[in-house]
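Asker: In case you want the letters, here they are:
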Amino acid sequence: MFIIALTATLLAFVQNTVMFRLGMKELAIFAFPLSFVGIFLAQLVLIWAGYFCVRRFLRHRRALVPAGWTMVVLGAAEPMLPASYFTTLVQHAKRTHVLEQIEQADSSIEALASDQGRLRICWHVEQIDGDPCLLLSWIEERTVGVAVKRDRRGYGRELIERALPYSLNAETRYELDDAGLRCTIALPLAREGPKERGA
Amino acid sequence: MKSPGLAGKRILVVEDDYLVAMDIARALERAGAEVIGPAPAVEAALDALEQTVLDGAILDINLGGEMAFPVADALMARGVPFIFATGYDAQVIPVRFTHVKRCEKPMASEQICAALFG
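Just so you know, the protein sequences line up as chains C and D, in that order.
Letter by letter, the first sequence follows residues 1 to 199 in our numbering.
Letter by letter, the second sequence follows residues 1 to 118 in our numbering.
Hint data in this document are derived by calculation from the structure and do not stem from the laboratory.
Nothing here was measured: the structure is a model prediction, and the numbers come from that model.
Glycine included, every Cβ here is placed at the ideal spot set by N, Cα and C.
Take these hints with a grain of salt, some might be off.
Restraint ranges, calculated between C-beta atoms of paired labels, are given here [what the hints assert, rightly or not]:
#	chain 1	residue 1	chain 2	residue 2	range
1	D	87	C	141	41 to 47 angstroms
2	C	128	D	70	25 to 31 angstroms
3	C	143	D	52	51 to 57 angstroms
4	D	95	C	177	56 to 62 angstroms
5	D	94	C	139	46 to 52 angstroms
Pulled out of the complex, with its shape left as it was, chain C reads as follows (with noise of 0.2 angstroms):
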């Protein structure tokens, strides 16, 4: 029974740290400005898709969040997603024109633009309507107001308003004011199949 556990874990380990490699590949191409919320929330779906922890994900991101704001993450189930959701995901961020968007980002992206302020992330598991949900919630508080353009549009914001809905049939909430940034994306886990015409 040990040799077994013990073989089951490696196993889980490799398995685990080749994803992770093969994820953190895909995720590459992104350079990862923090600011650029669109971007990161599309990573976390694509970490849960790879079936990888977000924590871990976090911890390895945390240090590009700047000094003087606090991160707080809060996530106890670690969702499983069908992996078209992955295949879906990756292929919108292979696009050229992501890493055309996110070269012209840098500073000027309005999110995290202050020196202080509280990141909070959230998400959660939710039956709705019988079936499993993925609630996320991101909401960036500034301590100090920044002018920002609220109808700016990226990628990011594509991605999280038009692309998830669209491919996903997610819905999202997505508010950025002087103040901060609100966005809430939940996200169906259980894909309908085919429905009979007319039933």
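With chain C held as given, fit chain D onto it using these hints.
Answerer: Chain D alone, transformed into the frame defined by chain C:
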């Protein structure tokens, strides 16, 4: 630039990848076509098909794991010309669709026009 072959034509776009769908839709609109959809799944495509008289359609074959062949059947039944926008090779496509043209993505509007109406 408007294309005489596509100007005013109502073209249904069926594609599950948001960015690819937007690329195709933009190319069609630039050519003067009226884009119906885009539809990310079979059900949405069939709904659009029932609500609009179409001049043509562009179908991705794999819609998030769901094959688009019911949409192709419905288009054939209505006599609407369509093409497959896919990287799949001919072996995957049912025999009844072997005459349907296949185009690799991304597609230029001229390529779409020639495949649909050429």
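Asker: Within 51 to 57 angstroms or not, the Cβ separation of residue 143 of chain C and residue 52 of chain D?
Answerer: holds (52 angstroms)
Asker: State, for the Cβ atoms of residue 94 of chain D and residue 139 of chain C, whether the hinted interval 46 to 52 angstroms holds or is violated.
Answerer: For residue 94 of chain D and residue 139 of chain C the Cβ distance comes to about 49 angstroms; the hint holds.
Asker: Given a hint of 41 to 47 angstroms, does the C-beta separation of residue 87 of chain D and residue 141 of chain C actually sit inside it?
Answerer: Since residue 87 of chain D and residue 141 of chain C have Cβ atoms about 45 angstroms apart, the given range 41 to 47 angstroms holds.
Asker: Please test the hint of 56 to 62 angstroms on the beta carbon pair from residue 95 of chain D and residue 177 of chain C.
Answerer: Given a distance of about 58 angstroms, which is inside 56 to 62 angstroms, the answer is holds.
Asker: Between the beta carbons of residue 128 of chain C and residue 70 of chain D, is the distance compatible with 25 to 31 angstroms?
Answerer: holds (28 angstroms)
Consistency with the previously given hints is maintained throughout, with no hint failing.
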